[in-house]
Structures are given as C-alpha cells and as structure tokens.
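Participant: When you get a sec, could you build the whole thing from the sequences and use the hints?
So the protein sequences, as listed, match chains R and E.
First residue of the first sequence: 1, per UniProt numbering; consecutive thereafter.
First residue of the second sequence: 1, per UniProt numbering; consecutive thereafter.
Note that these hints are calculated values from the structure, not bench results.
Fair warning: there could be bad hints in the mix.
Just so you have them, the derived chain E footprint on chain R, three or more residues with Cβ under 8 Å [said to hold, decoys possible]:
no., region
1, 151-157
2, 164-172
Simulated crosslink set (DSS-like; lysine-lysine; CA at most 27 Å straight-line) [what the hints assert, rightly or not]:
no., chain 1, residue 1, chain 2, residue 2
3, E, 128, R, 128
4, R, 198, R, 2
5, E, 131, R, 128
6, R, 88, R, 128
7, E, 198, E, 131
8, R, 2, R, 193
9, R, 198, R, 247
10, E, 240, R, 131
11, E, 2, E, 193
12, R, 240, R, 34
13, R, 56, R, 34
14, E, 131, R, 131
Quick reminder that beta carbons are idealized off the backbone N, C-alpha and C, glycines included.
2 protein chains.
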Amino acid sequence: MKNYQAYFIDLDGTMYRGTERVEGAAEFVQYLRKHQLPLLFLTNNSSRKQEQVAAKLMDMGIEAYPEDVFTTSMATASYIARHHANAKVFAVGEEGLVQALQDQGLELVDAGADYVVIGIDREISYEKLSKACLNVREGAALLSTNGDVAIPTERGMLPGNGAFTSVVSVSTGVEAVFIGKPHAEIMEQALAKMNLSKDEVLMIGDNYDTDILAGINAEMDTLMVETGVHRFEEISAYPKQPTYKVKTLQEWLS
Amino acid sequence: MKNYQAYFIDLDGTMYRGTERVEGAAEFVQYLRKHQLPLLFLTNNSSRKQEQVAAKLMDMGIEAYPEDVFTTSMATASYIARHHANAKVFAVGEEGLVQALQDQGLELVDAGADYVVIGIDREISYEKLSKACLNVREGAALLSTNGDVAIPTERGMLPGNGAFTSVVSVSTGVEAVFIGKPHAEIMEQALAKMNLSKDEVLMIGDNYDTDILAGINAEMDTLMVETGVHRFEEISAYPKQPTYKVKTLQEWLS
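Facilitator: Below, the structure written as structure tokens:
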C-alpha cells in the first residue's frame, strides 16, 4: 500500500449510519491522528455547519474538529465568491448552507439573484421552489450543492437534493451546476485547501456514485468500504474500479 | 369548416387567464349553447372540483355547469378504479384530486399504497414527497395528473406538476404514467364520456404542448387560439400543425 500525505473521508456510511458509529471508524481516525496524517471529512450533506458535524463525530467517539470538516455548502459558497464577489444569492437550504454563504460575504435575497442555490431543505415549500424558478427565469445561474437523488434513513430511502434540484431544472429548462461529490468542484477545493496534489491523497467512502467516482474523476486513488450503501458485488462489473476495497476500515488497519 | 358534434375546450389561456376572462370566450360558449352543441371543459388543473370550476366560469359570465367539466383528477381516479377496484392510494394534491379519488371509492392511505398519485399541491412538503417515494419504492405504481412543468401566473412561470413529479421519479428511478393532456388517457375518457368518436369532436386550446398535441395524438381535429401561452410563430416550424388557427374565439365565430 502506498503512503498517502492525507485522507479525504466521507461521513454517512463511512463514519456513521444515521446515529450509529460505523465499526472501525473511530480506530481509523485515531490511527491517522497518532501518525499525524492529515484528514478532511468531505460531505455532500449541506444542512449542517462544520461545528455541528464535528460535534456529532465527537459525540460518537470519533476525534474531529470543525476545521477538519469540509461540506458541499462551503464549496458552493466558495465557488460563488470566486466567480462573482458580492453576488446576490437566493438559497433553498438549511442552516449549514445559509451559514456558508454568509461566511463568504454573499448577500441573501428573495429576488434579483445572481445565483440560485439548491441544498436539501426539510422545510421545502411551494413558495421556496417558486422563488427559485422565478430567479432562474430572470437570469440567475442555478447551482446545486449535490446531486444525490436519495438519502438512506431509518425509514428507507428518502428524496435527496438531486431530486429537488430537478424541480427547478425541469420547470425552467436550465441545467444545474453541481458542486458536491462526484463532481470536480468540491474535490479541487479540498485539495487546494490541504495544499496537496491529487496523487498525494486517498479518497475513502462507501458510495460508489458519489465518493468513489469523485476520487476517480479527480484522478485520485480511492478506498471503498462496504459499511454503507453499496456492496462490492453491485459494482463488480463497473469499468472503473476503486483502487482498494475493504469491508471495514478495521480491515484496512490490520 | 367541418361541423363537429361536440367541442372539447381548454380553460387556462382559452377561457380565462388567471382571474380575467379571455375575449370571445363567453360569446363562443353562448354560441354552442344556442345551437345545442355539446361541450366539455377539459383541464389539466387537478386542484379544483367540478363545481368550483363551473362556479369560476359562471362568475366570469361563461355559462358552465359542473357536469360540463372534466378534470385530470377525475380521469386519474377513473383510470385507477378501472385498473384496480378498491385500490389503496397515496395522493399528493389538493381538494379536486382528493374528491375525485373518493368519488371513485378509492381508499386514501399513507403507506402500503397500490398507487401513488402526484397532483399540484401548493402545500407540498418534504414529508409528503418522502411518503410518495417510500410507497413507490415499496411497489406502488406512480401516476401523475399532468406533466406541465410550469404554470403561467401573475408572478411569472411557477413550477407545475410535472416538475414535482420529477422529485419522485428521479429519486426512485420509477417513471410516472401521465394522465392529463397531451396524453391519451384523458382524451379517451372524455370521448367515452360523451359517447363520441375522435372525428366528431374539435379540441380547442392555447397550449401547443398540452391541448393541441393532445388532440393530434388522439387523431382529432384541433383549433389553436393565441390568447394563452403560445404564439403561432413559435409553432410555425413544428411538423404537426393544428387543423385551425384563430387569434381569438371571436374570430372563429365571425
């Protein structure tokens, strides 16, 4: 196994499932800490702030600090600020998205937006989606924090942000630019943040369509675990395979 | 001009725009009444009941009775009852859809549904769309009252039912069966209700993608008016043209 300078680690299905810690997760992070190997938790979940994500991990016994967390909301806000400083933004989303946009000094507006951003919003309404459509029809660019069409929960697979983004893209005919995994934007920002190149970092995750493809698309090595949504047999016929496969992170350490 | 036995008439953009009556609409309906020519108001709007639609028309000075109104909600409920008597249905939608389903003796349920029906719902919520997805993943068939992606309003084009249907179809990977115009189901039911064949009825509407295509798909003659969403120049290059085109229904009478 190659020695990597740093590790990008997915959360849902890799570190935890819902409120339950994944086996080997705490030990793996502890191993990285012990060997002073940098890590970054990379999540498509746009709803929570860095501090909230770190606190959840800590509560589960996984050593995590706010600065170790990089969310797709942060990547989205950073993308906008880089392309259009002081942009006006109409956002559909929860606390993590709003905070990230404000941290970049972006102005949140209801109308006359330069960008419409769609993130998961459990308080979604007809009015919010109407404003999103109206702003896009008036010329706003359409961004989506992530294209996940379904979210695994205790109740089953619930609709994800990619499904809600489709309301706006289908209604307006304007395609969204997606920021989160497996798209390039979040990976490029994460590498830049760590000041590392793609061949120095290992991308770790359970979801082939987001985590593993994100790494493959960014030409990084990837490690797939079987603790989340995908089983190895489901992906065995795919032409692009992960660099490594282990059932659990415990196995990776041994 | 051919003599038709009956007339199918669209509402929004043909009889009214929002709360405003379209010019020539009242006179045209009066003409049909005077000559005892049967008519059926055919609408993709699933939200209102027959009585409510007729009352709205009457308030605008257009002579209309509940039995003259055929909504896509009625066609959807009838479709289900024909395929699966006593089916269990999880419905997302407003009063008109709920009433139509109940009128067919269908049982409304939250889980264990045989059919999920998506109609426009201005009180849409994450919970409603989650239940829709869960029922579909557990095997319910997915129906949609109509595929309209946008609705013209005073505020601009707001998201329509086709855009909300995409949340469920994108999230679950299950395609919806659409009932409303331009699809065959509503047209076949309307003809059967009138006990007429396709060559005996003229389909009248303003929207090429729904009204006119519905008629063309059903092999009926069509009359397009320019009082709603589409201008004739927008459709001039389309291979399938309406049988007749008039700027207003006033012009049709003269």
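Participant: A separate judgement is required for each hint: does it hold in the structure or not?
Facilitator: Checked hints:
1. 151-157: The restraint on the region 151-157 of chain R holds, since 3 of its residues have a Cβ under 8 Å from chain E and three suffice.
2. 164-172: Contact hint for the region 164-172 of chain R vs chain E: holds, 7 residues under 8 Å.
3. 128(E) x 128(R): OK: residue 128(E) and residue 128(R) at ~16 Å, within 27 Å.
4. 198(R) x 2(R): With a Cα-Cα distance of about 14 Å, the restraint between residue 198(R) and residue 2(R) holds, given a limit of 27 Å.
5. 131(E) x 128(R): holds, 20 Å
6. 88(R) x 128(R): holds, 16 Å
7. 198(E) x 131(E): Answer violated: residue 198(E) to residue 131(E) is near 39 Å, above 27 Å.
8. 2(R) x 193(R): This hinted pair holds, its Cα atoms lying about 22 Å apart.
9. 198(R) x 247(R): holds, 24 Å
10. 240(E) x 131(R): Status violated; Cα separation ~35 Å.
11. 2(E) x 193(E): The given pair, whose Cα atoms are some 22 Å apart, holds under the 27 Å limit.
12. 240(R) x 34(R): violated, 33 Å
13. 56(R) x 34(R): Between residue 56(R) and residue 34(R) the Cα gap is close to 21 Å, so the pair holds against 27 Å.
14. 131(E) x 131(R): holds, 24 Å
Violated hints, listed in ascending order, are 7, 10 and 12; each of the other numbered hints is respected by the structure.
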